[in-house]
Amino acid sequence: MKIPMTVNGLPVEVDVPPLKRLLDVLRDDLGFTGTKYGCGEGECGACTVRIDGEVAMSCLVPAAQAAGTTVQTVEGLATDDVLHELQHQFLETGGAQCGICTPGMLMMAVDHLEHGGALDDATVREVLAGNICRCTGYVRIVDAVQRAGRALAPDEDEPRPGGAA
Amino acid sequence: MAERAIGTDVPRIEGIEKLTGEAVYVDDLPTEGVWFGATVRSDVPRGRIASIDRNPAFPWDEVVVVTAADIPGRNVIPLLKEDQPALAAREIHHAEEPVALVAAPSRELAARAAAALTVQVEPLPATLDAEAALAAGAEVFKRIEIRKGDPDAADRADLIVEGTYRFGSQEHVYIEPQGMQAEWTEAGLVLRGSLQCPYYIVGSLGALLDEPEDRIRVIQMATGGGFGGKEEYPTLLAAHAALLSRAAGHPVRIVYDRAEDMRATTKRHPGRVTHRTGLTRDGRIVSMDVDVLLDAGAYCTLSPVVLSRGALHATGPYDVPNARVLARAVATNFPPHGAFRGFGAPQTIFALETHLEECAERVGLSGVEFRRRNLLRPGGTLATGQDLGQDIAAEAVLDRALKESGFEERRAAFDAFNAQAARREGAFRFQRRGIGLALFHHGAGFTGSGEVTLASRAGLAGLPDGTVLVLSAQTEIGQGTRTVLAQAAADGLGLPVDRIRSVDPDTAVAPNSGPTVASRTSMVIGGLLLRAGQEFRAKVEAAAGRALPTSDEFCAEIARQAGEGPLEHIVQYQAPPGIHWDEEHYRGDAYATYAWACYVAALEVDTLTGETQVLDFTAVQEVGRVLNPVLASGQIEGGVTQGIGWALLENVQWEKGRMRNATMTDYIVPTFPDTPPIRVHFLEHPHDRAPHGAKGIGELPMDGPAPAIANALRHALGIHVREIPATAERVLSALEAGRAGSAPTPESRP
Ligand code: FES
Ligand code: FES
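One line per chain: the protein sequences are C and U, in this order.
Residues in the first sequence are numbered from 1 upward in steps of one, following this note's numbering.
Residues in the second sequence are numbered from 166 upward in steps of one, following this note's numbering.
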């Protein structure tokens, strides 16, 4: 089946079986290997992407369902070699260790930040509850998301966070 | 001279690649021309292979099939013992044992080929219980005995406290499953994979493939977590990929899916520890008798060394005048258990620190006071007789942890909270709170004479562009190896970190600096690189005939000399003076140095559902020297979280020797909401057995959470948790047993 999509701003078309996982289409057919496999059953979040601005686990999305959509993957976060604020904060705080959960984590968190989501601990942890990281213990990821959130939408009362806290 | 890099938050060297999706993990390699492999396994735990049947309807000419008969050399994956075949030939010793391999031009076809092969096995009775295995005379892969003082000392004790503590397997659940790609070239075999120990593979495949070692090259790809799970297992995968690639005449990639990875690969050793402790009425330990039994699974793999570390930590950071530790690892028909962060120590430390809480109660002391009376101080010795001089921080970490966690105040507050529980409304009536701690130490580096035997080599190469390349086989698997080694090299050289290149190892370039295990990378290899840097500078300056104080001058000279020919400096590990280890009697300096820690867990249990939520976690440790605070804290936080998982959630369920819950839906690891704030505090007393004074920290954080949580549950509920994971079901049935009046401490007696 011919499936046209826009991936990270690029119009593409693939010819794949309609039930092929979007995860595999992105990785094998289009070379966007930044999106990762961790479980294949919607439990780990490593494969998280955004489809038409909504987060989705790409291991659960059949290719046919992505036809005509706009997909954003981790490769679409940095622009012209400038890191997205969230990526920058992950680097500063140590939010990525082995890095395999990171692309999915970033996509989920970016979605939250772009929707202007709350930055308190409990909310951030709840929003990211479907993304599993086995390395970090989550502390630094929460920190990175909160810092990025504050930097992207600076509050009058809250000082813009600097480098190291 | 450049500012010192050690002790600063140098950002992770490969951080940007990992954040942009550019880092290349094995399954991200191009697929052009690559075939895909799949594994056909036994579904029974023990038996004889009758036949391997091919479905005649399948197009077998489109794929290749490999069985034991196709192995050119010896069918064995040598590790500590030569007992594990690459592919089972006649006998099956565990479920999921690989019997045949297939490779095909696509993943789908490979999967279909594997499904079209049926292994017929005549089942034989299997042993699926370590205790029964021992009783039936099954093979004991390793037996260790440690003795200190008078074996009859217990007779003089005022009272004896006994208890048996049990722990389950733990699955690594690195988020990137195991994967390996093999390719045969003119120069021999090239393996690219997700792995911790490239030279294990080089050293193991020669005899199997009938190839000289210098024709086996291993390149580590970005690796999505290891935790010990990618220490020994990737060798088996490498053997499989190499055999398939030779048969197919194409590069072959094998990547497990989650279910296969969970079922077939190694896990933490389950088992039990029995304590019998003699005490004086005023709370001093007179004697300790510890019996450790680990279930090794069907093949030996690394069980002897896991057992060894377990035995050496079984009496903890206490000055026990009379001790006997008997430890055994016994063969069963489970898939082999193997390396997992902590390597036996978390098991024995869980038992000890839970047991000591019971001991304290029996003599009417608080756990804190009891520990204070018995902990190791300068002048005391460990069970092996090791005298650590002044390199002891047991009391310092205890005091700091009490302070940072507000231990006594919170304990009192939780007591008040629990006392008022019955008066609260609704669901709140069922909440109980508890706080508990664990005091422990963890030997840094290889056990015993391991580091001497390894004789690791590492060094530096000057490059024509004036930068310096780190030469080591240490792997980055999340812990920050590349960054920390660059920091050590930079300080040795007196250069800023941005003049150092630190890459994933390739055995064609990297010398054998030993495996990335045992919290040894920062301490041992970091130390080697610091020294190599100093010597490298001296060498370059000597050749230049002058001092090169600025970085620009130094790098220009490196570029000049490297342009004329290879500019390398390799150094080899030398044991620090004064270390003696007697492997036969388990006496002496088991580790050159130890990290010390005290962890505190505060938690809330719902007595209606049995569910436990850790509210807050304090981790205080003395680690010699912190090389990179962000990375070091990250190691502690991650390890603590895995420890919380092992203590409360992670429950490997076995059914006829197979893992029944082999999905991430059914095997629960801690998620964001399950994980509390983790407060990490470091004490630094640089020691003199590594040039930078740092001790290993990777494994340490795995040791403390389980006993701290068990002790907090004791505080909250008044029940002794003697088996982990303390799942909701286990907590509920322990509570019921308590309510029914059966003694909550059945194993203790006066
Ligand atoms: S791979 Fe999609 S959620 Fe795990
Ligand atoms: S960084 Fe390794 S799984 Fe999250």
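Certain hints may be false.
[Said to hold, decoys possible] Taking CB as the label site, the calculated pair distances span:
1) C:A122 <-> U:A587: 54 to 60 Å
2) C:T6 <-> U:Q818: 56 to 62 Å
3) C:T6 <-> U:A893: 43 to 49 Å
4) U:E187 <-> C:G117: 23 to 29 Å
5) C:G117 <-> U:T173: 53 to 59 Å
6) U:P838 <-> C:V82: 28 to 34 Å
7) C:G117 <-> U:Q818: 34 to 40 Å
8) U:R331 <-> C:M1: 51 to 57 Å
9) U:Q739 <-> C:V82: 30 to 36 Å
Hints listed in this document are in silico derivations from the structure and should not be mistaken for laboratory results.
Virtual Cβ for every residue (Gly too), placed ideally from N, Cα, C.
Checked against the structure, which of the hints given earlier come out wrong? Hint check: 1, 2, 5, 9 fail, others pass.
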